[in-house]
Each structure stands twice: as structure tokens, then as C-alpha cells.
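Listed below are the residues making up each chain.
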Amino acid sequence: MSVAAQQQPGIKAATGAQREWRPPSYWPFVLPALIVVLAVIVFPWVFTIWMSLHEWKVGSPTVFVGLANYLRMPNDPRFVEAVWHTLVYTLLSVALPLIFGTLAAVVFHQKFPLRGFLRGIFIMPMMATPVAIALVWTMMFHPQLGVLNYLLSLVGLPAQLWVFHPATVIPSLVMVETWQWTPLVMLIVLGGLAAIPTEPYESALIDGASFWQMFRYITLPLITPFLFIAGMIRMIDALKSFDIIFAITQGGPGSASETINLYLYSVAFVYYDIGYGSAIALVFFVLIVVLAAVMLAMRQRMHWNEAGGGA
Amino acid sequence: MSARQILGKVGLAIAVFIIVSPAILFFIWMLSLSVKFEVDNASYPPVLIPERFAWVNYVTVLTSNRFVTYFFNTLIVTGTATLFALAVGVPAGYGIARMQAHRAAIVILIARITPGLSYLIPLFLMFQGLGLLGTLVPQIIIHLVVTVPIVIWIMIGYFETTPVELEEAALIDGATRWQVFRHVALPIARPGIAVAFILAVIFSWNNFVFGIVLAGRETRTLPVAVYNMISFDQLSWGPLAAAALLVTLPVLLLTVFAQRQIVAGLTAGAVKGG
Chain V
-15 MSVAAQQQPG
-5 IKAATGAQRE
5 WRPPSYWPFV
15 LPALIVVLAV
25 IVFPWVFTIW
35 MSLHEWKVGS
45 PTVFVGLANY
55 LRMPNDPRFV
65 EAVWHTLVYT
75 LLSVALPLIF
85 GTLAAVVFHQ
95 KFPLRGFLRG
105 IFIMPMMATP
115 VAIALVWTMM
125 FHPQLGVLNY
135 LLSLVGLPAQ
145 LWVFHPATVI
155 PSLVMVETWQ
165 WTPLVMLIVL
175 GGLAAIPTEP
185 YESALIDGAS
195 FWQMFRYITL
205 PLITPFLFIA
215 GMIRMIDALK
225 SFDIIFAITQ
235 GGPGSASETI
245 NLYLYSVAFV
255 YYDIGYGSAI
265 ALVFFVLIVV
275 LAAVMLAMRQ
285 RMHWNEAGGG
295 A
Chain C
4 MSARQILGKV
14 GLAIAVFIIV
24 SPAILFFIWM
34 LSLSVKFEVD
44 NASYPPVLIP
54 ERFAWVNYVT
64 VLTSNRFVTY
74 FFNTLIVTGT
84 ATLFALAVGV
94 PAGYGIARMQ
104 AHRAAIVILI
114 ARITPGLSYL
124 IPLFLMFQGL
134 GLLGTLVPQI
144 IIHLVVTVPI
154 VIWIMIGYFE
164 TTPVELEEAA
174 LIDGATRWQV
184 FRHVALPIAR
194 PGIAVAFILA
204 VIFSWNNFVF
214 GIVLAGRETR
224 TLPVAVYNMI
234 SFDQLSWGPL
244 AAAALLVTLP
254 VLLLTVFAQR
264 QIVAGLTAGA
274 VKGG
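Going down the list, the sequences are from chains V and C. The numbering used here numbers the first residue of the first sequence as -15 and each following residue consecutively. The numbering used here numbers the first residue of the second sequence as 4 and each following residue consecutively.
Just chain V, same shape as in the assembly (with noise of 0.2 Å):
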């Protein structure tokens, strides 16, 4: 392999003398990736959209069947249901996060003894294996023996029955969700912090401003395009989320908890409705851009808004 990776930039130099700086001589640098990601990105996507136009089930012939995939997901309860449990279920986790990420980002922003030692133990919990941390949160949520219900009679609310319930299984995974992903909206706002100088805050204190209104007036509006970052993220994580929810719940009690993407491993994989799984596929990855797309132009307005005041 050395060998021919030598030969060829040498051949490259004798012929590359007069033109030095021309792009395509970087493509040999480029090409192994190329072809892994044609085989293992491109190649997959190309093959699902091929495979939603299809009807086929495993050990079954494949017919062709136009749009009938497609047209089978409005009618589908299942899949309705699915597409709000994912719309709740992003919604919910996306607030949360950047809601207490903010904050511990301002406070992690502060000087304080110990902050790197106790800024590692904050992020543990997102680099974590999730499937290790829902066993845990599994036995915690344990109605009679887990952690959670004897913390709340500690202080005087009655026992709950968490991911065994329909009505709070959801907000339950949320609390998993918040408790896994909140450091890594905290490290996107910390570095947002961090490019803000000093002279606003050295101002505002002279003229007598609270601690609140500093953060209000000077730190919120400065840190808004970190937290649209911080939120764009997060919005697609959570739309993807699987091993969380599948581990502690499998989409149950029911289908109480059933995102699209714990529907799309059921048909795909419990079912082996290959033509039906790809086109959930296809749709589920478009609504995500879709939803990408509208926060971005959100951004992009509150930027036209910002540029038409501040002037």
C-alpha cells in the first residue's frame, strides 16, 4: 500500500510543476472515503428509495407497487399516533435541555474550585452507554422498589407509576432524555459565553443592574445564536432517539411511547415489511430535514430582525 501511495503523488509532482495549487490533486486524498461513503451512505439511501416503490416482505417475491407505501402511512393509526408520540416526545426535549443547559452553562461560566473536575462528571451522563444508563433508570423507575417513588415521599407527594403508566410514561423519558442531554446544550452556550467580553457586564454594574437584568440584556441576546445551534441539535437527536426508549420501554405501556423510529424497527425488523419500512424510512428522514430547514429560517428572520433594529 506504501508503496503505491508514493508512486502516485510522485507521478502527480513531475506532471503538477507548472499548475501548483489546482484542486483535483487532493482527490487522491479523498477517494478511499468516497468510495466508503458511496458504499455504506449513498449506496443505502439509493437502495431504500428503490425498496419503498416495492412490496416486500422477507421470503416473499418483490412487485412493484408505485406510491402504495406511502399512501398506506396516512391511514395507518399506528404511524399517526407515531408521529405525534415524536412530535411530544422533540418538543419536550428539546425545551428542557436548552432551558437547563442555559443555565448551568452560566454557572459552569463562573469561577469556582474544582470546575474541570466537576464539568467531567457533568457531561458523564451524554457520553455514558445509553443502553447502560436505561437499565438503571429502569430500576429507579420501579413503582414499588425504584429510587424515584421513595424520593418523592420524601418530600410529600404521592408515589408515581413513571414509564408503567400511558399518561406519564412519556414524561418520563424526557426526564431521562433532559438528564442525558442538558450538558451538551451547557457546552455549546459555554462556548458562547466565553467569546462575550467583559466591558457590557463592566457597565451595566456600574449603572446598578441586578443579575437578572444583565442576563436579560446583555448575556440572552448575545448567546441566541448558540442556543439555536444548541436547539437545531437537539431537535434532531430527539427526533432520532431509539436505545433510550427501546431499552426502558420498547414503546409501551401499549404504544404509549412508540416514536416513529421505534414504529420503523417494528416494521422493518418484527414484521419484516421491507417495502413499508423504507418508506417510513424515507418519510421519517424528511421530516427531519423539513423540520432543520424551518429552524434554520427562523434564524435566519431573527437575523433580518436583529440587523433592521440594531440599525
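Calculated directly from the structure, the hints in this document are not laboratory data. What you are looking at is a predicted structure, and each value in this text was computed from that prediction instead of being measured. Think of the CB as a built atom: it goes at the ideal place given N, C-alpha and C, for glycine as much as any other residue. Do not rely on the hints blindly, as some may be mistaken.
[Claimed, not checked] Facing chain C, from chain V, some residues (calculated, C-beta under 7 Å):
{"hint": "1", "residue": "W163"}
{"hint": "2", "residue": "L171"}
{"hint": "3", "residue": "A179"}
{"hint": "4", "residue": "K224"}
Once you have looked at the hints, place chain C on chain V.
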């Protein structure tokens, strides 16, 4: 020190305590569950520190359920997928950064947005057709979906910040592009490669969804093995928590010791992602 300053310090200490406690308490409770006998785990009110420690839980996990096999499966899948990703991804990140090929970066973004399950359906059928199911090869290949984009993304960002002047000078002196990459760009990029390596290892190690579909009884990775313990083996809580802790321990240690790299990698990727 004025009263107001003291009040501020106390307030900050309380705020730090409130913010960090959910993470600390969770992992302490995880540890507690893993070192308790069934009697203590089933007692009400719950016991934090038992009178007798059930270290035997760890012995149970390490000796049964092919835990060692699954550990080496994970090591092979994660190790191969990460090293391969570095081999193709570092040069690619270099090439994309120097060509300023922003469209190529969009492909990586799309890979980031796509749900993992979308890759699974076609690749599962392909592996089935090739008769590869039952070996570790399908999992190694599909983990490239995780590792390659991470490496390329971080390396693009890193190479964009390293100076081009030195490379130009080397080219004028008659070095080939490969020599420039190998002897000028690569040594400077070592910190970036470390970040890419660490993040690729963590996200590949943690991956669960690919394993539940592609892994057979012999080829499970640790996250899948732990999941199967919950659903089928009906173990008691102590050994289960011990298994969970063992699975995630390498990642937690990496998080604490390589915190600076992880933070740098995540925020760089995130900020660029917008």
C-alpha cells in the same frame, strides 16, 4: 470580604451543587445497586451503603453470560471501525479542507441527520445476501456509518485551522503532496486526530441499534448483551447493575481523563454544524 460577596459565593456553591447532583447521584446509585445483595436491593426504604458488599455480583457477570467474549467482540468492532475510519477519514478531512470542498461537508452533515435505522434495512439485506450474518464483519462495516463521518468532520475543522504556509514552502522545495501531508500536515494534526479517535471510539462503543439487528448469539457487543440480560435472563438487580457499570466504565474513564479533547471535539462539531 463583604457580606454580599460571601452571599454570592454561597449562592454559587448551592447552584453548582444543584446542577451537578443529578449526574453524581445517578452514578452513585448505579454503583450502590451493583454492590448490593438482592435483600438490600429489594428493601424499603432503599439502602445506599449496604452492611455486606456483594462484590460477588461482579464475579457473576465476569464469569457468566460470555461477558468476556462480548467484551472482545466490542473491542474488535469498535477498534477496527475506528482505525479504518482514521485511515480513510484523516486524509479525506485534509483533502476537503485544502480543496475547500464545502459540498463534500454537506454529505457528512446528511449522514449526521439520518436515523441509524435507515442504513440498517438495506445493509441488513445486503449482508444477508452475502451470507455475512453471524460474523462480526457486518457490524464492523455498519459502524463505519458512525465513525467515518465523525473523523472526517473533526479533521476538516482541524485542518482548516492549521497553517498552509509551511505546506506551500515544502511544495516549492520539491516535496510531493503525499510527503507534505505525511511529514508536515500530519504531525501538526496530532491533537485533532486524538479528538477524532476518542469520539469515534465512544460513539461506536455505545452503539446499540446496529447490534440488536445484526448480532447473533456469538457476535453480540456489550450494549446488546446487557439489553438481552434485561429481557431474557431475568437476572436480579445486583448483577444487572454490575454489568451495566462494567459496560460503560471504559467510556466514563475516558470522559474524565480526556475531558478536554471531548469538549473540544463536541463543541467544534456542534458550532460548525449550524
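Status of each hint after checking the structure:
1. W163: It holds, given that the least Cβ distance between W163 (chain V) and chain C is near 6 Å, below 7 Å.
2. L171: holds (5 Å)
3. A179: Status violated, d = 10 Å.
4. K224: holds (5 Å)
Hint compliance for this structure: hint 3 is the single one not met.
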